[in-house]
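S.K.: Each chain is listed here by its residues.
Number of protein chains: 2
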Amino acid sequence: MAKMKKAPKPKAQTPKGFRDYFGAEVTKRTEMLNQIAAVYHRYGFDALETSAVETVEALGKFLPDVDRPNEGVFAWEEDKDWLALRYDMTAPLARVYAQHRNDLPTPYRRYAMGPVWRNEKPGPGRFRQFYQCDADTVGAPSVAADAEICAMLADTLEAVGIDRGDYIIRVNNRKVLNGVMEVAGLAGDDKEAERGIVLRAIDKLDRLGVEGVRALLGEGRKDESGDVTKGAGLNEEQIEVVLKFVNANDVVKSNALIDLSEAIGDGDSEIADVIRAEIELSDNKGQHTSDRDDIGDFVNSQRCEYLRKLVQGSEVGIQGVDELEEITALLSAQGYEANRIVIDPSVVRGLGYYTGPVYEAELTFEVTDEKGRPRNFGSVAGGGRYDDLVKRFTGQEVPATGVSIGVDRLLAALDAKGRLSKAAVGPVVVTVMDKARMADYQTMVAELRNAGIRSEVYLGNPKNFGNQLKYADARQSPIAIIAGGDEFENDVIQIKDLILGAEIAKSATLEEWKGLPSQYEVPRGDLVAKVREILAGQGA
Amino acid sequence: MAKMKKAPKPKAQTPKGFRDYFGAEVTKRTEMLNQIAAVYHRYGFDALETSAVETVEALGKFLPDVDRPNEGVFAWEEDKDWLALRYDMTAPLARVYAQHRNDLPTPYRRYAMGPVWRNEKPGPGRFRQFYQCDADTVGAPSVAADAEICAMLADTLEAVGIDRGDYIIRVNNRKVLNGVMEVAGLAGDDKEAERGIVLRAIDKLDRLGVEGVRALLGEGRKDESGDVTKGAGLNEEQIEVVLKFVNANDVVKSNALIDLSEAIGDGDSEIADVIRAEIELSDNKGQHTSDRDDIGDFVNSQRCEYLRKLVQGSEVGIQGVDELEEITALLSAQGYEANRIVIDPSVVRGLGYYTGPVYEAELTFEVTDEKGRPRNFGSVAGGGRYDDLVKRFTGQEVPATGVSIGVDRLLAALDAKGRLSKAAVGPVVVTVMDKARMADYQTMVAELRNAGIRSEVYLGNPKNFGNQLKYADARQSPIAIIAGGDEFENDVIQIKDLILGAEIAKSATLEEWKGLPSQYEVPRGDLVAKVREILAGQGA
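In order, the protein sequence lines correspond to chains A and B. Every position in the first sequence, counted from 1, becomes a number in the numbering used here once 182 is added. Every position in the second sequence, counted from 1, becomes a number in the numbering used here once 182 is added.
Honestly, I wouldn't trust all of these hints.
List time: in silico SDA-like cross-link candidates among lysine to any residue, alpha-carbon distance up to 20 Å [unchecked claim]: (1) B:193 to A:242; (2) B:652 to A:288; (3) B:262 to A:254; (4) B:617 to A:508; (5) A:198 to B:282; (6) B:573 to A:643; (7) B:198 to B:282.
If you're looking for bench data, these hints aren't it; they were derived computationally from the structure.
Generate coordinates for the entire structure from the input sequences, incorporating the hints supplied.
M.R.: Structure below.
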């Protein structure tokens with residue numbers, strides 16, 4: 183430790199945007215990550231742990247024209263190399279695969295879980311270090327790999343405690359969007375900037391609505407503060423093509439409503455029921471009241487049919503729709519019906535590097551937000567196919583697809599559903615009445631621990647007994663053990679049920695309280711048995 | 183992802199001194215950390231996860247007279263603050279306790295596990311990122327807290343698979359050493375430099391032997407390469423005092439040998455047996471052939487008696503010996519006899535910040551080193567009491583004691599003892615004979631996974647079937663499933679026992695091999711049952 187003579191006292195603070203995690207915050211996350219790893223492992227994925235530090239060059243954020251790597255990463259110069267903390271798990275995977283490709287199986291299925299770092303402005307609930315939990319398949323060109331990730335994502339959500347019906351996995355394909363661009367006359371290298379603006383505009387559909395997106399596709403949009411976002415400058419016809427894609431779900435639903443009224447008009451109640459269920463499903467909640475299993479598949483096929491018409495004439499667009507149909511067919515064969523995994527053209531996902539199927543897991547149950555309003559929980563995981571990432575290193579295109587789970591959001595969701603293991607149980611506290619008897623107290627905790635019971639001796643200053651009970655309270659201790667001179671003489675101990683005690687304290691009068699009905703005197707030899715009995719009673 | 187046009191291809195490499203961990207390397211570590219956490223939790227310790235990044239100021243490595251923080255840490259400037267990666271778990275704990283002390287229980291028992299970073303020259307087996315696994319008690323002044331950590335360390339080693347008898351926890355006390363310094367006339371602020379040299383010299387006993395230490399205590403020492411290390415400049419008398427301490431174990435043993443010959447001379451065979459066992463134990467292996475439980479206690483008391491004589495006249499020295507006796511008494515009462523936890527004056531531990539008891543866990547079994555020579559496995563954990571670390575922040579002295587487990591060394595030890603779970607089982611591989619049947623293959627793996635069996639469909643290019651079997655081999659797959667046109671027509675599948683197949687291939691002739699006795703044709707409906715049967719057979 184460096185000498186700090188005469189220096190002012192250092193501040194005891196985390197750096198801005200970082201935080202500490204205590205007790206159950208840590209163990210609940212560990213437990214969830216272990217559950218996720220078990221599913222990934224069953225699917226044949228292997229663990230990979232890369233170092234937190236990478237060269238900036240390998241991470242791919244290096245901009246040669248500035249003195250420092252660009253914003254977004256924590257980077258520093260070390261022996262003339264620029265090093266950085268990883269900002270996600272995908273860039274290190276690309277580096278690992280390029281570095282070790284001769285020793286790794288192909289395809290290479292790997293999972294990775296751990297912290298990543300972002301040098302971004304911190305905000306409420308936004309930290310500069312957070313957990314990611316990824317699974318990727320590298321070297322598998324077929325959409326069977328994408329379908330597998332979607333199936334695994336569904337299994338994972340159920341394994342950690344999200345019920346079927348409480349989540350929906352929405353799948354789209356970038357190729358369909360590229361086909362739409364082509365049909366709208368936005369193909370070609372010279373239109374890259376416009377395509378970028380269109381992509382970002384579509385990604386904002388949820389926030390801006392159709393009219394906002396329409397403005398961004400055209401001349402641009404002025405927001406409430408007066409700031410202007412430049413538009414893609416498309417003409418009316420082009421905008422209509424893109425909006426037909428953006429509105430696909432609504433259009434399919436409108437068509438279904440027309441079909442429904444026709445079916446009712448025709449008196450065909452069976453078809454009408456199917457269409458009603460289809461419309462329910464189209465509301466994106468993944469739930470419908472019909473008992474027919476094929477409703478989801480019907481929605482998927484309706485949407486594919488619509489998309490196929492939309493991209494007519496674009497080879498890549500047609501290929502995208504074919505792939506979507508293949509994915510749903512594969513998933514359906516394994517029992518993942520469209521009430522769990524649904525085709526949804528509104529899923530774009532912002533990242534520029536996706537090249538094929540993209541997918542997103544949304545939790546469909548409602549929670550109340552900070553203002554007490556109900557809202558959907560929203561997205562907890564997402565991913566897609568990115569076939570170009572390894573190419574940076576090797577020059578060869580390597581197909582890859584993968585998903586990233588937002589660990590903190592998923593934990594929050596489980597918490598909201600009451601699916602996390604109950605508040606961590608505090609330890610049994612053996613209090614200290616007589617410091618000279620420390621060996622006896624230690625022997626008591628040793629017995630309890632050997633019986634698998636979490637327990638500890640009070641190791642603070644024992645002079646003030648009240649402080650010991652306050653400590654037990656702060657530790658959320660279920661039971662306190664008390665033994666002083668009298669007890670040792672008579673070979674007994676006092677066992678205090680702190681949970682029951684707290685309940686009595688809430689309701690009892692002082693006179694009743696003095697009766698101490700939550701405290702038991704038992705023979706010393708019955709320590710473990712009596713503690714077990716009380717703990718069992720508290721758990722009931 | 184930044185555009186890399188015209189830029190040269192980035193190198194796919196970890197930064198110097200960093201590495202990747204694959205598959206079982208990751209999962210075995212996770213498993214061990216979970217086992218350790220369970221013991222820590224049972225002892226009442228709470229998890230704490232601090233961020234990887236701290237301010238240099240809080241870490242305490244800042245030297246105001248240089249432009250950059252000193253060597254040893256990875257540090258960089260960010261918005262005029264110097265940030266750094268934590269280099270251990272203790273400095274962040276001191277910061278956390280100072281920052282949150284009003285909300286934390288006192289005493290605060292916490293454990294922390296995760297990577298730390300050192301900006302040091304990498305070497306073989308020495309990496310710049312490695313795991314630590316710490317448990318500390320903050321705010322408990324009594325040596326009962328130190329004793330508890332020693333007991334917990336013993337339980338932890340046994341929980342992860344180190345047998346009793348294969349480890350020894352050695353305990354010493356800095357106060358005894360301070361007493362020795364005082365007796366040798368090395369007390370006082372003006373002797374701080376000398377004390378530092380003495381401390382470092384003693385810490386090198388294992389490597390340099392007594393004569394090397396003697397040289398460092400005196401004028402200095404020239405090593406084989408001719409480099410000179412400056413000595414402490416003590417006179418003969420001072421050197422003798424320090425060496426009596428350094429040699430304490432040997433002196434106690436010599437005294438025992440004298441006692442032994444006397445006992446034999448007197449024909450007192452019972453005492454002779456006790457002393458023989460004592461001598462065995464003194465060899466620091468923690469093992470003796472006697473069936474007497476009190477041998478260890480006897481050794482501890484012999485050593486304490488010797489140390490007490492050595493520090494006569496030094497108040498702090500006597501206090502140190504008293505504390506050692508108290509620790510062994512507490513541990514003995516809980517059943518931790520001295521064949522597990524032994525007083526050993528040769529334990530110094532280099533870190534300057536220890537102020538009281540210090541302890542070290544050594545594995546006593548032999549392994550063969552890289553040159554095939556047997557050697558003791560050595561230390562896997564260590565720690566001690568440091569009462570000054572929090573004071574840096576608050577000005578108030580806060581007593582603390584804790585242990586750090588060298589995760590990688592402990593894993594290596596378990597590996598050497600064959601105590602790690604067996605080589606991770608590869609997945610059952612469902613091969614692809616007919617790409618159009620992908621949904622059928624996916625259905626097979628879905629059945630296997632739902633039965634809890636790790637399995638995957640081959641997702642590479644299926645054209646060359648040999649590649650699929652090579653892949654299964656690279657995945658250490660136990661079983662391959664094969665189904666083509668004939669099989670689908672007859673509603674059967676081929677199940678290939680790859681473990682048995684490999685054994686046959688080793689010994690069989692080509693003709694026998696062609697008989698394929700390790701391959702079974704079963705009805706499609708028997709997939710899961712037959713795979714289970716084969717896996718069970720392989721496990722036997």
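S.K.: With reference to the structure, classify each hint as holding or not holding.
M.R.: Checked hints:
1. A distance of roughly 10 Å separates the Cα atoms of residue 193 of chain B and residue 242 of chain A; the hinted pair therefore holds under the 20 Å criterion.
2. Between residue 652 of chain B and residue 288 of chain A, the direct Cα distance comes to roughly 10 Å. Compliance with the 20 Å bound is thereby established for this hinted pair.
3. At roughly 17 Å between alpha-carbon atoms, residue 262 of chain B and residue 254 of chain A fall within 20 Å of each other, so this suggested pair holds.
4. A hinted pair counts as satisfied when its Cα atoms are at most 20 Å apart, and residue 617 of chain B with residue 508 of chain A qualifies at roughly 12 Å.
5. A C-alpha spacing of about 16 Å is found between residue 198 of chain A and residue 282 of chain B, which places the hinted pair at or below 20 Å, so the restraint holds.
6. Between residue 573 of chain B and residue 643 of chain A the alpha-carbon distance is near 19 Å, which keeps this suggested pair within the 20 Å criterion.
7. The straight-line distance between the Cα atoms of residue 198 of chain B and residue 282 of chain B is roughly 37 Å, outside the 20 Å bound, and the hint therefore fails.
Taken one by one, the earlier hints fail for this structure only at number 7.
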